[in-house]
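Asker: Chains as they are written, first to last, in our numbering: chain C, 1 to 236; chain A, 237 to 480; chain S, 481 to 759.
Among the clues, some could well be false.
With a cut-off of at most 30 angstroms between alpha-carbon atoms, the simulated DSSO-like pairs for lysine-lysine come out as follows [said to hold, decoys possible]: (1) Lys198/C / Lys721/S; (2) Lys749/S / Lys46/C; (3) Lys599/S / Lys630/S; (4) Lys198/C / Lys131/C; (5) Lys749/S / Lys599/S.
Covered by chain C, according to a simulated footprint, are these stretches of chain S (three or more residues, beta-carbon under 8 angstroms) [to be verified]: (6) 507 to 520; (7) 571 to 584; (8) 622 to 632; (9) 663 to 673.
It should be emphasised that the hints constitute simulated quantities derived from the structure, not laboratory data.
Please read all numbers here as calculations on a predicted model, not as lab measurements.
By construction, the Cβ of each residue, glycine as well, lies at the ideal position given by its N, Cα and C atoms.
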Amino acid sequence: MDLTLLAWGDAGWGDQMALGALVTLAVAICAYALGIVVGAGLAAMKLSGLPPLRWIAQAYTTVIRGIPELLVIYLVFFGGGAALRAIASGMFGYEGYVDLPIFLTGTICIGASAGAYSAEVIRGAVLVVPKGQIEAAIAVGMTRRQRFWRVLVPQVARYALPGLGNIWQFTLKDTSLISVIGLVEIMRQAAIAAGSTKEPFTFYVVAALLYLGLTSLSNRGFLRAESWANRGVRRA
Amino acid sequence: MDWAQLADVATRLAGGLPTTLLLVGQSLLIGFVLAVLVALMRVSPNPLLSAPAYGFVYVFRSTPLLVQLFLIYYGSGQFRPFFQDVGLWFLFRDAWFCAILALTLNTGAYTSEIIRGGIQSVPHGQLEAGRAVGMSPAQLFRRITFPVAIRQALPAYGNEVILMVKASSLASTITILEITGIAKTIIAQTFRPVEVFIVAGALYLAINFVATQAILYAERRLSPASAADRAKAAERRQKAMLAR
Amino acid sequence: MKPSPLLALVAGVLFAGSAAAQDWSTIRIATEGAYAPWNFTNAAGQLDGFDVDLANELCARMGAQCEIVAQAWDGIIPALQAGRYDAIMAGMSITDARMEVIDFTRSYATTPAIFVAPKDSDFAAAGLPETRVDMTEISAEEQALLDQVKGLLDGLTVGVQTATIHENFLREHMGDIDIRTYDSQENLDLDLQAGRIDVALADQSGWQPLLEGELGEDFTRVGPGFARGIFGRGVGVGIRKEDAALKDKFNAAIQSALDDGTVSELAIKWFGFDSATTD
Chain C
1 MDLTLLAWGD
11 AGWGDQMALG
21 ALVTLAVAIC
31 AYALGIVVGA
41 GLAAMKLSGL
51 PPLRWIAQAY
61 TTVIRGIPEL
71 LVIYLVFFGG
81 GAALRAIASG
91 MFGYEGYVDL
101 PIFLTGTICI
111 GASAGAYSAE
121 VIRGAVLVVP
131 KGQIEAAIAV
141 GMTRRQRFWR
151 VLVPQVARYA
161 LPGLGNIWQF
171 TLKDTSLISV
181 IGLVEIMRQA
191 AIAAGSTKEP
201 FTFYVVAALL
211 YLGLTSLSNR
221 GFLRAESWAN
231 RGVRRA
Chain A
237 MDWAQLADVA
247 TRLAGGLPTT
257 LLLVGQSLLI
267 GFVLAVLVAL
277 MRVSPNPLLS
287 APAYGFVYVF
297 RSTPLLVQLF
307 LIYYGSGQFR
317 PFFQDVGLWF
327 LFRDAWFCAI
337 LALTLNTGAY
347 TSEIIRGGIQ
357 SVPHGQLEAG
367 RAVGMSPAQL
377 FRRITFPVAI
387 RQALPAYGNE
397 VILMVKASSL
407 ASTITILEIT
417 GIAKTIIAQT
427 FRPVEVFIVA
437 GALYLAINFV
447 ATQAILYAER
457 RLSPASAADR
467 AKAAERRQKA
477 MLAR
Chain S
481 MKPSPLLALV
491 AGVLFAGSAA
501 AQDWSTIRIA
511 TEGAYAPWNF
521 TNAAGQLDGF
531 DVDLANELCA
541 RMGAQCEIVA
551 QAWDGIIPAL
561 QAGRYDAIMA
571 GMSITDARME
581 VIDFTRSYAT
591 TPAIFVAPKD
601 SDFAAAGLPE
611 TRVDMTEISA
621 EEQALLDQVK
631 GLLDGLTVGV
641 QTATIHENFL
651 REHMGDIDIR
661 TYDSQENLDL
671 DLQAGRIDVA
681 LADQSGWQPL
691 LEGELGEDFT
701 RVGPGFARGI
711 FGRGVGVGIR
721 KEDAALKDKF
731 NAAIQSALDD
741 GTVSELAIKW
751 FGFDSATTD
């Protein structure tokens, strides 16, 4: 292993790998945020009284969870532009080439998968909130909006946090798959450097260490968030 | 692409089915044995056993499978003289071995956590009862801990099986022609990625549907068939979802 | 129904940046970035190589603003069709199969395909002649040579980059041999060095980094250089079929760069020999 390969600047790959880590983090955060929004929406649909909404949400989670993320990424990458063009010309009368930037493609694919998994977590957490609390909130005259923000959301967040922490880890790791369509994050950067220097082991080890660092740091963050969310709960 | 072409694509993709199933089956099988060993080490009071097990699980759960796969496949090539000296190169030379190794270590790490959860959920009273009737530690494990732990762990393990079916698609990145690999080959000839990937996706959905039904069947077989127990199983599945 | 101007404006803002204007004052060009010396990514993280230099040269001649993007090889044609960029300059040969789905400009380079194997291998020791085989019309003599190569490859594992003229050649002319396909020339190089494959087929210029690098001592070119016929009509710029105006612009620029010797200069800089096409 030749460590001068990891030098900073134009002669080495150190700065490129660090930049890759930032791209990984950025796409993971965007995809995760999208995943929580999609997941909350799906959870609401699954809990709703309208069967068609439940069916749609169920079909979505079944399909997304049953197909490899790699295929979803390829599909959106190759098919997303055509679909967007159809929308652009059909709805807006815009006749030109339209495509999804790779960063956005990756965010959407990984976010779609995170959404399918977090839907179950959020739905489960909502079901755990005791009915009596909602009734009590009604009794003291809270509006629907107040009941939602003051009673439901804080508790759902607390119950859902461990599960959502796991989904964050999956999201972070799944971003490595976006390398196959050319987003220059950790994995793609490592592959480029490995091919150019013929030292694959060196660069894939660096990639593994970067992921290990990112997960370890975010793990700590989630543990902190959990103890913060549980601050009002008495220990038995 | 017309229907005849689509049918042709579907037939060619289905040709990759045995390879995908073999990849998943082999690594799940070896991975399960590994997972039981690691889980036992993890719950051991001896830090010489529990610490390495913890480290293994931590590293493999914190890094993407794609990195693990490339590290094993392309990374081992960098140390070919070393592997040749110790006589192991014939293994690492083989893409199939590298794929199975990466998938096995990966599922081993995840499954060991699932089994550990199962072991720790065995009610204390049952173990005490076992001891009271004079069971040896080996008997306790075989007759009480293991069966109860497996039943507890089954819903979460079902999720793991499906994740492995999906993960096997990554083997296509190291020259293995399973379903996704064949899909890429067809696209190289037809330049029609959307249609080919949709058919491939449907194939994976079908595999996962069958796998889910098989796990549900196993759950029913392993738990006494009372309505209350079924409700409990549903609750366990729910909890497994929360933990994922 | 006529689209409302407001919606058109929204669409324009949303989708700005894609090749909206069809006057080709801006062109997006894709290259692979893993096929040195044609195109690769350097340690500064930038795309570099023959294709990249020539692309910039052609853009200057066309008076166009160019953006060069990296795209994995196995999706490079579908992504052109999907409108992710407007042209491909990635050492891509003009072949009939590709012409069915996209169009090409005239060729800007031609280099033959050669086999590379470890120096101490039986395949390298077989004493195949390093002649040039034109696959357009195969003479009896050339057919005998092809059969000899086929016989030697029997039982060996042969590596090749996926979706290339080289893969097509192996599948059509070398019979039922053990072929392993790679997503990039770089990964093919890695596995040839790792000994997972016994011999590999690729473009002569694509082999240059391996053969002239420090690891090149262990490997050698084996046998004839194959060209034309199934190997296509040289390397050209890939363009969508409907973009005839863009093709014309590229053709004019390539012609002028060939005429004044610029292409030859770049070829000598990157390949060490003049690959400029004589077609």
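Asker: Evaluate each hint against the coordinates.
Answerer: Hint by hint, here is what the structure shows:
For the hint pairing Lys198/C with Lys721/S, the CA-to-CA distance comes to about 38 angstroms; that exceeds 30 angstroms, so the pair is violated. Between the alpha carbons of Lys749/S and Lys46/C the distance comes to roughly 63 angstroms, so the proposed pair goes past 30 angstroms and is violated. Taken as a hint, the Lys599/S and Lys630/S pair is honoured in the structure, with Cα atoms around 19 angstroms apart against an allowance of 30 angstroms. Our distance criterion of 30 angstroms between C-alpha atoms is broken by Lys198/C and Lys131/C, whose separation comes to about 61 angstroms.
Between Lys749/S and Lys599/S, the direct Cα distance comes to roughly 27 angstroms. Compliance with the 30 angstroms bound is thereby established for this hinted pair. Only residues whose beta carbon comes within less than 8 angstroms of a beta carbon in chain C count, and the region 507 to 520 of chain S has 4; three or more means the coverage holds. Beta-carbon proximity to chain C at under 8 angstroms applies to 0 residues in the region 571 to 584 of chain S; the threshold of 3 is not reached and the given coverage is violated. Check result for the region 622 to 632 of chain S against chain C: violated, 0 residues qualifying (beta carbon to beta carbon below 8 angstroms, three or more required).
By the rule of at least three residues with a Cβ nearer than 8 angstroms to a Cβ of chain C, the coverage given for the region 663 to 673 of chain S holds, with 6 such residues.
Checked against the numbered hints listed earlier, the structure breaks hints 1, 2, 4, 7 and 8; every other hint is satisfied.
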